[in-house]
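Q: Sequence:
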Amino acid sequence: MKKILILHSDVPADAGEDELDCLTQARTIGEAIISLG
Numbered sequence: 000m001k002k003i004l005i006l007h008s009d010v011p012a013d014a015g016e017d018e019l020d021c022l023t024q025a026r027t028i029g030e031a032i033i034s035l036g
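Residues 0 to 36 in numbering that gives the first Met the number 0 are what the sequence shown spells out, letter by letter.
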């Protein structure tokens with residue numbers, strides 16, 4: 000089994016919507032990688 004690490008910038012608890020987008024992008028990429036097997 001291969002492993003992958005997705006890095007993103009630090010997102011503070013009081014982050015604005017533009018900063019939270021980083022987490023959405025990381026989650027979307029992770030889901031795409033999982034779906035590809």
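These are calculated hints, taken from the structure and not from any lab test. Ideal Cβ placement from N, Cα and C applies to all residues, glycine included. One thing to keep in mind: the hints can contain errors.
Stated by the list, open to error - Here are the in silico distance ranges between beta carbons for each label pair:
#, residue 1, residue 2, range
1, 34, 7, 17 to 23 Å
2, 0, 26, 16 to 22 Å
3, 30, 10, 26 to 32 Å
What the hints assert, rightly or not - In silico SDA-like cross-links for lysine to any residue, where the CA-CA straight-line distance does not exceed 25 Å:
#, residue 1, residue 2
4, 2, 36
5, 1, 25
6, 1, 22
7, 2, 21
8, 2, 31
9, 2, 16
10, 1, 17
11, 1, 34
12, 2, 22
13, 1, 33
Q: Has the hinted range 16 to 22 Å been met by the Cβ atoms of residue 0 and residue 26?
A: holds, 21 Å
Q: Is residue 2 within 25 Å of residue 31, Cα to Cα?
A: holds, 14 Å
Q: If you draw a straight line from the CA of residue 2 to the CA of residue 22, is it 25 Å or shorter?
A: Given that 25 Å is the threshold and the Cα spacing comes to 19 Å, the pair holds.
Q: Can you let me know if the beta-carbon spacing of residue 34 and residue 7 is within 17 to 23 Å?
A: holds, 19 Å
Q: Can you confirm whether the C-alpha distance between residue 2 and residue 36 stays at or below 25 Å?
A: Distance of about 11 Å is within 25 Å: holds.
Q: Does the Cβ-Cβ separation between residue 30 and residue 10 fall within 26 to 32 Å?
A: violated, 18 Å
Q: Starting from residue 1, check that the Cα of residue 25 is at most 25 Å away, please.
A: holds, 18 Å
Q: Quickly compare the C-alpha distance for residue 1 and residue 33 to 25 Å and report which way the hint goes.
A: holds, 11 Å
Q: Are the Cα atoms of residue 1 and residue 34 separated by 25 Å or less?
A: holds, 14 Å
Q: Would the pair residue 1 and residue 22 pass a check requiring their Cα atoms to be no farther apart than 25 Å?
A: holds, 23 Å
Q: Mind checking the alpha carbons of residue 1 and residue 17 for me, to see if they're no more than 25 Å apart?
A: At roughly 32 Å apart (the allowed maximum being 25 Å), residue 17 and residue 1 break the hint.
Q: Between the alpha carbons of residue 2 and residue 21, is the straight-line distance 25 Å or under?
A: holds, 21 Å
In summary, the structure is inconsistent with hints 3, 9 and 10 from the numbered list given earlier, while agreeing with the others.
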